[in-house]
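Chains A and B are the protein sequences, given in the same order.
In terms of our numbering, the first sequence opens at residue 369 and continues consecutively.
In terms of our numbering, the second sequence opens at residue 369 and continues consecutively.
Misleading hints may appear alongside valid ones.
Said to hold, decoys possible - From the derived model, a few chain B residues whose C-beta atoms are all more than 10 Å from chain A:
| no. | residue |
| --- | --- |
| 1 | G378 |
| 2 | G386 |
| 3 | E389 |
| 4 | R400 |
| 5 | T417 |
| 6 | G444 |
| 7 | T463 |
| 8 | H489 |
| 9 | S512 |
| 10 | E549 |
Said to hold, decoys possible - Examples of chain B residues toward chain A, derived with CB under 7 Å:
| no. | residue |
| --- | --- |
| 11 | E405 |
| 12 | V409 |
| 13 | T440 |
| 14 | N441 |
| 15 | M443 |
| 16 | L446 |
| 17 | I535 |
| 18 | G537 |
| 19 | A541 |
| 20 | E542 |
| 21 | A543 |
| 22 | L577 |
| 23 | M579 |
| 24 | A580 |
Stated by the list, open to error - Partial list, computed: chain A residues near chain B (C-beta under 7 Å):
| no. | residue |
| --- | --- |
| 25 | P377 |
| 26 | A397 |
| 27 | L418 |
| 28 | M443 |
| 29 | G483 |
| 30 | L484 |
| 31 | G559 |
Keep in mind the hints are simulated off the structure, nothing from the lab.
Just so you know, these numbers come straight off a predicted model, no measurement behind them.
Just so you know, even glycine gets a beta-carbon here, dropped at the ideal spot from N, CA and C.
There are 2 protein chains.
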Amino acid sequence: MQIAFVLYPGITALDLIGPYEVLRSLPGAEVRFVSNERGPVTADSEVLTLMSTHSYAETPRPDILLVPGSATNSMGILEDKELIDWVVEAHRTTTWTTSVCSGALVLAKAGILNGLPATTHWMVQEGLRHFGAEPRPDERIVRSGRIVTAAGVSAGIDLGLWLVGEIAGRERAEATQLIIEYDPRPPYDTGHVSKASDATIEGARAVFLDMAGIHD
Amino acid sequence: MQIAFVLYPGITALDLIGPYEVLRSLPGAEVRFVSNERGPVTADSEVLTLMSTHSYAETPRPDILLVPGSATNSMGILEDKELIDWVVEAHRTTTWTTSVCSGALVLAKAGILNGLPATTHWMVQEGLRHFGAEPRPDERIVRSGRIVTAAGVSAGIDLGLWLVGEIAGRERAEATQLIIEYDPRPPYDTGHVSKASDATIEGARAVFLDMAGIHD
Numbered sequence: 369m370q371i372a373f374v375l376y377p378g379i380t381a382l383d384l385i386g387p388y389e390v391l392r393s394l395p396g397a398e399v400r401f402v403s404n405e406r407g408p409v410t411a412d413s414e415v416l417t418l419m420s421t422h423s424y425a426e427t428p429r430p431d432i433l434l435v436p437g438s439a440t441n442s443m444g445i446l447e448d449k450e451l452i453d454w455v456v457e458a459h460r461t462t463t464w465t466t467s468v469c470s471g472a473l474v475l476a477k478a479g480i481l482n483g484l485p486a487t488t489h490w491m492v493q494e495g496l497r498h499f500g501a502e503p504r505p506d507e508r509i510v511r512s513g514r515i516v517t518a519a520g521v522s523a524g525i526d527l528g529l530w531l532v533g534e535i536a537g538r539e540r541a542e543a544t545q546l547i548i549e550y551d552p553r554p555p556y557d558t559g560h561v562s563k564a565s566d567a568t569i570e571g572a573r574a575v576f577l578d579m580a581g582i583h584d
Numbered sequence: 369m370q371i372a373f374v375l376y377p378g379i380t381a382l383d384l385i386g387p388y389e390v391l392r393s394l395p396g397a398e399v400r401f402v403s404n405e406r407g408p409v410t411a412d413s414e415v416l417t418l419m420s421t422h423s424y425a426e427t428p429r430p431d432i433l434l435v436p437g438s439a440t441n442s443m444g445i446l447e448d449k450e451l452i453d454w455v456v457e458a459h460r461t462t463t464w465t466t467s468v469c470s471g472a473l474v475l476a477k478a479g480i481l482n483g484l485p486a487t488t489h490w491m492v493q494e495g496l497r498h499f500g501a502e503p504r505p506d507e508r509i510v511r512s513g514r515i516v517t518a519a520g521v522s523a524g525i526d527l528g529l530w531l532v533g534e535i536a537g538r539e540r541a542e543a544t545q546l547i548i549e550y551d552p553r554p555p556y557d558t559g560h561v562s563k564a565s566d567a568t569i570e571g572a573r574a575v576f577l578d579m580a581g582i583h584d
């Protein structure tokens, strides 16, 4: 089972590493980090660099495809014709086509989410609508057939566990959850916009703009 | 504020990337990935490679030090005298010295946890006792003064948010939680040994041994 984690400049690393850590222990998993060409790819922090193991061209038929999001490049990447074309082609034969965070916009741009319910990071839900998908901002993961989209950043861990359950059964997924000791106890409870105050939402937007290098 | 994320061969990537994604947006944060020397370092999957940005020698006085764990090298790394010596020295002047998962054993080997309560991955709690620390297997994060240890793998996200609260205040931590949309909804509930059946615990050990390349 070949799992292709897409790696493009500006990715949010946790979008990718959350599901990677969950899925990599699947029986028979062959993990790949794929990009335009093999080599170093720098994340949206501009400090972290990860190595791509294969090009898109070398990976025409992954069984699982996962597209992460970005804090700095989620719109720019939509203009990467090579990525979009590869997603269109690879999707024809995947068992699962998935995204985390603003990675859903890549699937949407590729025409895969047309008329389908999907989710993404809370800040870009309207981007889904722009590309013809139906935002489900209250869902953590949204399944439409063999397409599964997850909400922002950390939601990729939940997506990964859900996929392990579908692919290898509940017992394996429960064991995997225990291996990564995923017994979340966040010290605060503001992880969804419905739980956050207006001040927290405004604060999050300000921090985000700062992270993205956008200043008023 | 200089944050040094330790990168050694065989690390469990999520141990590192969870808290990195949370802490990197701290005001004034200077993130570094540190190792024996600058260059590529391969994680315990043997597929994922991350780039170290600085050597230990180039990073004598980090403000925050974080040591991740490993599925394949958590014992081997204890023999890395350069790492252990650096942790001993760097700890003298840190504001926070922290670990995720079996990274706590590195702190313990460095003598930093002597007689102190601490936690680590559920499979290696006894390792803490071996090095003179007092295991707290039911805690998600354990603080002793300026030392904070987290449980296995995914617990680094909770550690990161807790630290943001201590360093930059509750409002900033709440905004950060919303940015990474950390509103966990695991599809199963077996993330702690106290919640897992004997069969799940046995299954987790088997998967873990397979991941670590250890076969009966």
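### Message
Restraint: P377(A) near chain B, CB-CB cut 7 Å. Satisfied or not?
### Response
Hint violated; P377(A) Cβ to chain B Cβ min 14 Å, cut 7 Å.
### Message
Does A580(B) hold up as a contact with chain A if the rule is Cβ-Cβ below 7 Å?
### Response
violated, 10 Å
### Task
Would you check whether the claim that E549(B) is not at the interface survives, using Cβ distances to chain A and the 10 Å cut-off?
violated, 3 Å
### Query
Under the criterion of a CB-CB separation shorter than 7 Å, is L418(A) in contact with chain B as hinted?
Status holds, d = 6 Å.
### Task
Measuring Cβ to Cβ, find out whether T463(B) lies farther than 10 Å from everything in chain A.
holds, 18 Å
### Restraint satisfaction for I535(B) [CB to CB of chain A, less than 7 Å]
This interface hint is violated because 13 Å lies over the 7 Å limit.
### Query
Is G444(B) truly not at the interface, in the sense that its beta carbon sits beyond 10 Å from all beta carbons of chain A?
The assertion about G444(B) holds, with a minimum of 19 Å to chain A.
#### Entry: A397(A) as chain B interface residue, shortest Cβ-Cβ below 7 Å
Since chain B brings no Cβ nearer than about 9 Å to A397(A), farther than 7 Å, the hint is violated.
### Query
With a cut-off of 7 Å, does the beta carbon of T440(B) approach a beta carbon of chain A closely enough for the hint to hold?
violated, 12 Å
### Message
Does E389(B) clear chain A by more than 10 Å, comparing its Cβ with all Cβ atoms of that chain?
### Response
violated, 4 Å
### Task
Would you settle whether the hint for L577(B) is holds or violated, based on the nearest Cβ-Cβ distance to chain A being less than 7 Å?
violated, 11 Å
### Query
Can M443(A) be said to touch chain B, with a Cβ gap under 7 Å?
At 17 Å from the nearest chain B Cβ, M443(A) fails the 7 Å test, so the hint is violated.
Violated hints, in rising order: 2, 3, 4, 5, 8, 10, 11, 12, 13, 14, 15, 16, 17, 18, 22, 24, 25, 26, 28, 29, 30; the structure is consistent with all others.
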